[in-house]
Structures are given as C-alpha cells and as structure tokens.
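All chains, please: the whole structure from these sequences, using the hints.
Chains as they are written, first to last, in our numbering: chain A, 1 to 488; chain B, 1 to 499.
What the hints contain is simulated information worked out from the structure, not anything from laboratory work. Heads up, the beta-carbon is just placed ideally off N, CA and C, and yes, glycines get one too. Honestly, I wouldn't trust all of these hints.
[To be verified] Here's a subset of chain B near chain A, in silico, CB distances under 7 Å, partners left out:
#1 Val45
#2 Pro66
#3 Leu137
#4 Glu140
#5 Val151
#6 Val157
#7 Arg159
#8 Val174
#9 Ala178
#10 Ala181
#11 Gly185
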Amino acid sequence: MTGADGTPLIVAALLLPLAGAAIAFAMPRTTRWVGIATAVVLLAVVVMLCGAVGAGGELSHAVGGWGAPLGIALRVDGLSAAMLLTTAAVSLAVAAYGRSYFRDESAGPAGFTPLSMLLIAGLNALFVSGDLFNVYVTLEVLGLSAAALVARAGTPEALTGAMRYLLVTVAASLVYLLGVALLYHLTGTLDIRLVGARLESGAAAWSAVGLIGAAMLLKSAVFPLHFWLPPAHANAPAPVSALLSALVVKASLYVLLRVWLDVLPAARADFGAVVGALGCAAVLWGSTQALRQDQLKLLVAYSTVAQVGYLFIPFAFTSAAAAGTAWRGAVYLVLCHALAKTAMFMSVGNIQLFGGDRIGELDRVVQRLPLTMAAFAVAGITVAGLPPSGGFVAKWLILEAAVQEGRWFVSAVVLVGGLLASIYVFRVIGPAFTKGAQPRQPRRVPNAMEWVAFAVALATVLLGFFGMPLLELIDAGAPFGNALEPER
Amino acid sequence: MNATFLLPVLILLSSLVPGMIIFFLPEEWRTARTALNLFGAVLKVLLVGLVALGIASGEAYETRLPLVPGVDLALVIDPLAILLSVLSAVLWLVTTIYAVGYLEGSPDRSRFFGFFSICVTATVGVAMAGNLVTFLLFYELLTLSTYPLVVHRGTEVARRAGRAYLFYTLTGGVLLLAGIAWLYGIAGTLEFAPRGFLSELPADVHPELTAIFVLLIAGVGVKAALVPLHGWLPQAMVAPAPVSALLHAVAVVKAGAFGIVRIVQNVYGVEFSEELGVAGPLAAVASVTIVYGSLRALQQNDLKRRLAFSTVSQVSYIALGVAIAGPIASIGGLVHLVHQGIMKITLFFCAGNFAETLGVHKVDEMRGVGRRMPWTTGAFTVAACGMIGLPPLAGFVSKWYLGLGAAAVGDSWVILILIVSGLLNAGYFLPILYIAWFEAPPEPAEQTPRSGGRLETSWQLLLPPVATAALTLIVGLFAAAPWSPLRWVQLVASLGFAE
Chain A
1 MTGADGTPLI
11 VAALLLPLAG
21 AAIAFAMPRT
31 TRWVGIATAV
41 VLLAVVVMLC
51 GAVGAGGELS
61 HAVGGWGAPL
71 GIALRVDGLS
81 AAMLLTTAAV
91 SLAVAAYGRS
101 YFRDESAGPA
111 GFTPLSMLLI
121 AGLNALFVSG
131 DLFNVYVTLE
141 VLGLSAAALV
151 ARAGTPEALT
161 GAMRYLLVTV
171 AASLVYLLGV
181 ALLYHLTGTL
191 DIRLVGARLE
201 SGAAAWSAVG
211 LIGAAMLLKS
221 AVFPLHFWLP
231 PAHANAPAPV
241 SALLSALVVK
251 ASLYVLLRVW
261 LDVLPAARAD
271 FGAVVGALGC
281 AAVLWGSTQA
291 LRQDQLKLLV
301 AYSTVAQVGY
311 LFIPFAFTSA
321 AAAGTAWRGA
331 VYLVLCHALA
341 KTAMFMSVGN
351 IQLFGGDRIG
361 ELDRVVQRLP
371 LTMAAFAVAG
381 ITVAGLPPSG
391 GFVAKWLILE
401 AAVQEGRWFV
411 SAVVLVGGLL
421 ASIYVFRVIG
431 PAFTKGAQPR
441 QPRRVPNAME
451 WVAFAVALAT
461 VLLGFFGMPL
471 LELIDAGAPF
481 GNALEPER
Chain B
1 MNATFLLPVL
11 ILLSSLVPGM
21 IIFFLPEEWR
31 TARTALNLFG
41 AVLKVLLVGL
51 VALGIASGEA
61 YETRLPLVPG
71 VDLALVIDPL
81 AILLSVLSAV
91 LWLVTTIYAV
101 GYLEGSPDRS
111 RFFGFFSICV
121 TATVGVAMAG
131 NLVTFLLFYE
141 LLTLSTYPLV
151 VHRGTEVARR
161 AGRAYLFYTL
171 TGGVLLLAGI
181 AWLYGIAGTL
191 EFAPRGFLSE
201 LPADVHPELT
211 AIFVLLIAGV
221 GVKAALVPLH
231 GWLPQAMVAP
241 APVSALLHAV
251 AVVKAGAFGI
261 VRIVQNVYGV
271 EFSEELGVAG
281 PLAAVASVTI
291 VYGSLRALQQ
301 NDLKRRLAFS
311 TVSQVSYIAL
321 GVAIAGPIAS
331 IGGLVHLVHQ
341 GIMKITLFFC
351 AGNFAETLGV
361 HKVDEMRGVG
371 RRMPWTTGAF
381 TVAACGMIGL
391 PPLAGFVSKW
401 YLGLGAAAVG
411 DSWVILILIV
421 SGLLNAGYFL
431 PILYIAWFEA
441 PPEPAEQTPR
451 SGGRLETSWQ
461 LLLPPVATAA
471 LTLIVGLFAA
481 APWSPLRWVQ
491 LVASLGFAE
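Written out as structure tokens, the structure is:
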C-alpha cells in the first residue's frame, strides 16, 4: 500500500537529525539546545509515522519521483517503524543526558551533539532504505560516526577500542559490499524487493547472502565475533556507550533480517539454525563473562553481548507461527533492551562521575546515589526478563515460540540466560544495601542525569504493561510475511 | 468503566502509590510518612472489605489488560482471592503500626516503608491474579520487593541471607516460568477455572502435565518452604521483626502456599490431580516438611530461628490440605492459610518485643520474661497454644478439619502425621512457655532499652500482638459465625468440587 500521507514524515525523519547535526556543527554555542530540540521533534515525527504505518500498513516513497529499478525507494513497514521509534526514544534520552554529561567540555566539530545526530541520521536512513547500496552508505556513516564518538573519551584505552572498532566495522562493510556486488551482478538491480523477486537460488546467491550474513554478525558482535565490543563500549563516554549498545549493534540485525526475509527467504532454513545456535551461545557466553567482570562498564558491555544473542535466536525457528511470534518478541526486545541499556549506561556514567567504577568499591558509592541505583535496578529487571517489564513480554514471546516448536534447548537457554542476568544485575545492586565508609570526596552528580536515567528505566517497566499496541505495530505491513510464506 | 472494573486496580494502587511517594520523602518527615502509610493501609482494608461484601452478594470483579496476544494481565476477584486479600490487608495494617514503632529512630526508613508497600501490593496482586502469567508477574515483584527488606540491616549476615533468598526465589521463579510456558504450549490458555482447566486434555499429554506439575510446584514450593527448598527461610530471619512477620505470615510464604492452592485447585483441579496421581506425592512432601520442620525447630535455641522452622512446618498444612482429596481437607488447608498467618504474626511480633525491650534473643534467656512483659508473653502464649492446636484456638479448627477430611477419604496416615506434629509443636513451644512464666528472671534485671511509660513497651509494639492474639482466640471461638474465615473457606472449597 502506498500512502502519500506518510511521505513528508519519512523525509522529515531523515532530514531532522541531519539538520540538527549541521546547526550544531556550524554554531557550537547552540549545541546545548539543538540536540534536545531536534530529538523532541524527531520523536514526535516518528510517533506520527508509526501511527500512519499502524493505520495504513507499509508506507513508501520514491525519491525524486523515480521508482525502482531506476530510482531509490524508501519504505517503512512495521519493522522499520519499530526501529525508528527505538532510535528516536533513545536519542531523546541520550540528548537530555548528554547535555549535562558534556556540559564542561568545549563543543567543537568533534562535539558530541553533531556526531550523535549524524549517527541518528544514519540509523534513520538505514531503517527506511529499500535499496542495498543505500544500506551500505548508511552503514558506513554509522560506523564512522560511532568510531569517532568512541574516540572522544581521549584515553589510550578508548583510542585503542575505537581503532579496533573502526577496523572491524570497515572490514564488515566491505564484506557486505562484496555480497551486494554479487547480488547486483546476478539480478541487475539494487532494490531489495526486486532483487528478491529476480534472484534464483544457486551457489552465487548463497555466497552473496552468506557474505552479507557474516558481515552483519560481525557488526552485531554475535558470539564468537564479539571480541571488539567490550573494549569499545566500555571505554566510550557513557552517553556514547548507550547509543552504541542500544542502537548501533541492532542496525546490523535489521539489515540481516531484511536481506534474509526479502531477498532470499530460503536462506533462513539453512543458515537459520547456525545463527540461532550462535545466538544461544552468545546468551550463555555473554552472561557468564558479565558475571566475571570486575569493572562495572565491562559487565554492562558483556550483558549487551548476551542480550544481542536473544535477538538472533528467532532465526532458528522454522514453522511460520513460531517464527512470527519469536520475531515479534525479538523486535520488541530491541526496543526494551535499547531503553534498558541506555538507562544502565547512564547509571554507570553517574557512578563513574561520582567516583568509582569497580564492583568491589560500589558499596561506598551507591548509597549516596539512590536514584541512579534505582534506575540500574529497574533496568536490570528488563535485562533479566523478569516481570513486570518489557523484557519479560519479549522473552515470553521467544519462549512461547520455542515451546511451540518443541525446542527444549532454546527454551532452557532463554531461561538460564534470564537467571544469569539476574545474578549479574544483583552483583551491582547488592552492595547498595550494605554500609561502607566513604573514602574520598565525591563529585556531585547533576540531578538531570539521575532523573533521565530513572525515567528511561521506568519506561521499560511500563512497556511490560502496554506492549500490545507496539506488538501490533511491528506486524503492520506484514514484515515477516515473506519468511512465513513457504509454510502457508 | 464502572466500579467493578476499577476496584481491583484501586486495591493495588492503595498501597503502591503511597509506597512510591514514600520513597521520595526525606528521612526526617516522620509524621507525613506514617500518615501516608496508615492512610494506604486503612484504605486498602476498606476497599478489600467492600469487595468482600460485593463477592458475598454475588458481584463479580474483573479487570483485564492484554499483555501479549493470547495472554492478559487479569485481575479477577473470586472467594479464594478474597481470603488472601483480606488477610494481607488486615495484617498489613497491624504490621505497619508495629513497624513504625519498631523502626523508630533507625536509618533508611523511607526506603524500608517504600518497599514494604510494594511488597503488600505484590501480595494482593498474587491473590487477585486471574491466570498464571499474572500470578508470576506479582510473584516475581514480591521477590524483588522483599529483598531490600531482608537485607535492611545491611550487615554481612543480612547480606548473606539476602543472597540466599534471591538465589532460591529467583530459581524458583525460573522453574515456574518454564512450567507456565510449557503449559501454555499444551493447553493454549492459562486462565484459572474453578475446577481446573486441564481435565479435558487428551490422555497422551498426561506425562507432560505431570512434569509441568512438578515444575510449577517446585517453583512456588521455594517460597512455601517445602523441604528441601526451604533453606532460605531460616536464614532470612535476620531481617527486622516486622519483616519476618510479613515474610512468614502475610507475604512471601503465603504467596507460595497460595500458589500451591491455585495450581492444585484452579489449574489442575483437585479431582484431576488425583487422577493424574500427582496429589499423593504432594501430600507426602508436605507431610515430610511438617515433621522435618518441627524436628529442626526443636533443636533451635535462637527464638526467631525456632519460629522460622515452625513456619516451614506449619505452612505445609496448607499444601497437605489441598493435596488430600475431598472438600473437608481442603477446608482445613485453606483455613490454615488465614489461621497460620494470624498466629505466626503474633509470635514474631512478640519475639521482636522481647528482643527490642529486653534484648532477649535466645530461648534460654527468656527466664521470667512473663513477669517483666506479661502482655507480650500472654499474646505469645495464646498464639503458641493455637499453633499446638489446643481448642478453642485457631489452630485447632484447621487441624480438626484436616483430620476429618483425611478420615473421610480413608487417608488415616495423615491423622498420624497430625498427632506427631502436634506433639512436636508442643515439644518446642511448651518449654518456651515454661521458661517464660515459671522460671525466675535473672538478677539483676537488665536495663530496658525501650520504655513505654506505664506500659511494658511502647504501645505501637504492644497493641499489634495483643490484637492478633485476640484474633487467634476469636476466629477459633466463633468459627461457626457467619463472618468467620471458616465459613468463607467453606464457600471457597465448595467451588472446587462437583458436589
């Protein structure tokens, strides 16, 4: 269904963050307001866009009036809308938090606001792209702005982490490009839908999809390709870690999903089991690693490795009903985990600012930051998938699908992963209730930073109660329709 | 949107909202905090009372919010829900008064009362849950909100106890979730039904249903402290006395026992549980727990530890009652849900008074406390005699119906268990009473840290145990009155059986 109503909204979602980035770059003195103003307007636009998609199904826009295969198509279905919503929500939270976090620093071209806005622009463009080459461009924008943001901390560890991240992301993009080139050679088009319609199964097609898959697994840090994530996420400034963990790793999940759903649905049957198994391994490995960390931020980073694993588990499901349920859960988890991880990294940022980032010394810190601790704890409920929280709803759906298909191992992984997550969350919260001496003069943490973290955490709990409209939105335009067809 | 739709939500909010506000109150705003606490507690009692009256006159209360396709957040008030709601609302009010007095002058009170309120919200949620997912939701909320109460003192011992508590209960939660998801895969619904919803399923899923029963009961059995899942409970007694009272009588242990009742009656159905052959083993586990808990209680010198093992034992009467076929035993089990709550909360209040007023923590330090604190010791005596099962106190009514029910279906071994357990109860309670009343107090008497003027301790500490002790007597004495817990339970039990 082509809705003319949605076009201005799609274009606005693309241009707003770019405009914000440009203004913040050109007029550094405005950065304190530009970031948050842009994020507020963006969220409003995206909510309206979601409303339009929910009401009318898929929206599409041919750029410059030229349709595919000549022109570039922009498409927004329920899956895209959910990703856009996640991005807009997180960017608002991060903009509000970043205002206080970076308030002492001189804003320059490499300032947080322009770079983060560029990152958001890249994400938004990715989620509306209907074209494989556009996807490549957005991935590069994402990778470069993310690496620059990591390096902003300026410490040697941050620079090393940023460098490693940059190499990984560029390498992955090149592998992806190779896959795209193969597909173009085979089909003569770059439009995702047209490629899907023209592509015939064969060795070349399989190689292309395999290359794209491998590239995206690397970018999403799916076990065992997660080696680059903990150093990059743990050494970046807190708002940057939030952006990376909440949004950037999920961008590549989106690409993989699109390619496998729309280009070569058959790939799911063969590669799906492998990817699902890797997802399970990531859940267990990431969780156990998180249990062993002494540095608070590394714990949260490994938790991301584990949670990303959940997002890849649904690839394993083969029956239409189970896969549909599981994907709804996974996409919902994208939103819930994004908010929860944002809140967690913000809490950790507050704790670091206060003084202290080792779990062993937490008992001296956290009692003086009750609100921050509450934010971490509440976000932890979602990460552990405990009710009442959005994480529970998401994991319930994945579990339901696993039971439906009789996959006992997957069910066990989902359950055990939740238990391990509650244990590592508890390692941080536990000390909050015991007494300890205050060894050094603490720095004051701005109220805004505490409240933003808490508000975001609270939102994840509310998502546990009011998930139905969003679950229906994810289904709008039947993004998982192609995957389900073979069984119908 | 009318009152029947709103009331379940209001009942939850009546404690949740005050709790949330209390979190943000400055520590020194004592009056505002106490006023909010009492306002919430009284409002909850009134609302629950209103709903109970409505239920008695045939009204139905139900609120639903779809969570995921096919599963609702369902608050459904049935007579069984009323049983736990009334119990927790009334005892919460009493415990709030006690806690305000008990924690006078200690740090972190805003945090304490905040979690205290969430805890009772979760308990009432457990009571009103209309399906297994809703039950799980509040059950886990209860776990999370009681942890800060268990570790409230912040000592190393408290920390260890808290860790054990979380480990046990979260594992239990995972088992419960596994069972629920599996059950949903088979049955396609999770809504509680008066006589269960599984008896229509084909016979070839019966082995799976048996496995699920084990998972579910293990999941709630952790909180109900069924042996061997009881390890956390004796450790958790390091918590402040009002928390122990809440844990043992109103919230955590009760939620577990209530879960067993729901699973047996409203998921499987008593008759289908018999048919499936799962009720017998449950009765056996409950019996073992009853005897084991009493035996361990005998060995304890620490008063609160002895009471904790007594809880392990006493709560399993509830499981035993619902596991035995037939409505009469169910009556015994269900009425014990209320009776055990009233009696055990009295005992913990009294133990707290001894500790706070005289500094007495151990049984052998209790020489002569009867002369120094006659009212508290009197309340303790009433509750202890009730636990032993002396007529006409509350505990007697429970045991009478349990024995009667077992005899009615020919399970005479249950009567043996009841006799043994009664003797063991006497064995660990009577020495306490003897020491307290008849042995001479040590000379010179220690300083009393807390003075209540002319009273033996402050009125906030004295009134709650005396009131609940009186209640122990009243519910036993007037068990046949139309408003007694027994009458209500007879109504509940009649719903679970065909005749």
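Against the structure, the hints:
1. Val45: violated (25 Å)
2. Pro66: holds (5 Å)
3. Leu137: holds (4 Å)
4. Glu140: holds (5 Å)
5. Val151: holds (4 Å)
6. Val157: Violated - the Cβ of Val157/B stays beyond 7 Å from chain A, reaching only about 11 Å at its closest.
7. Arg159: holds (5 Å)
8. Val174: Holds, about 5 Å.
9. Ala178: holds (5 Å)
10. Ala181: OK, holds: Ala181/B within 7 Å of chain A, min 5 Å.
11. Gly185: holds (4 Å)
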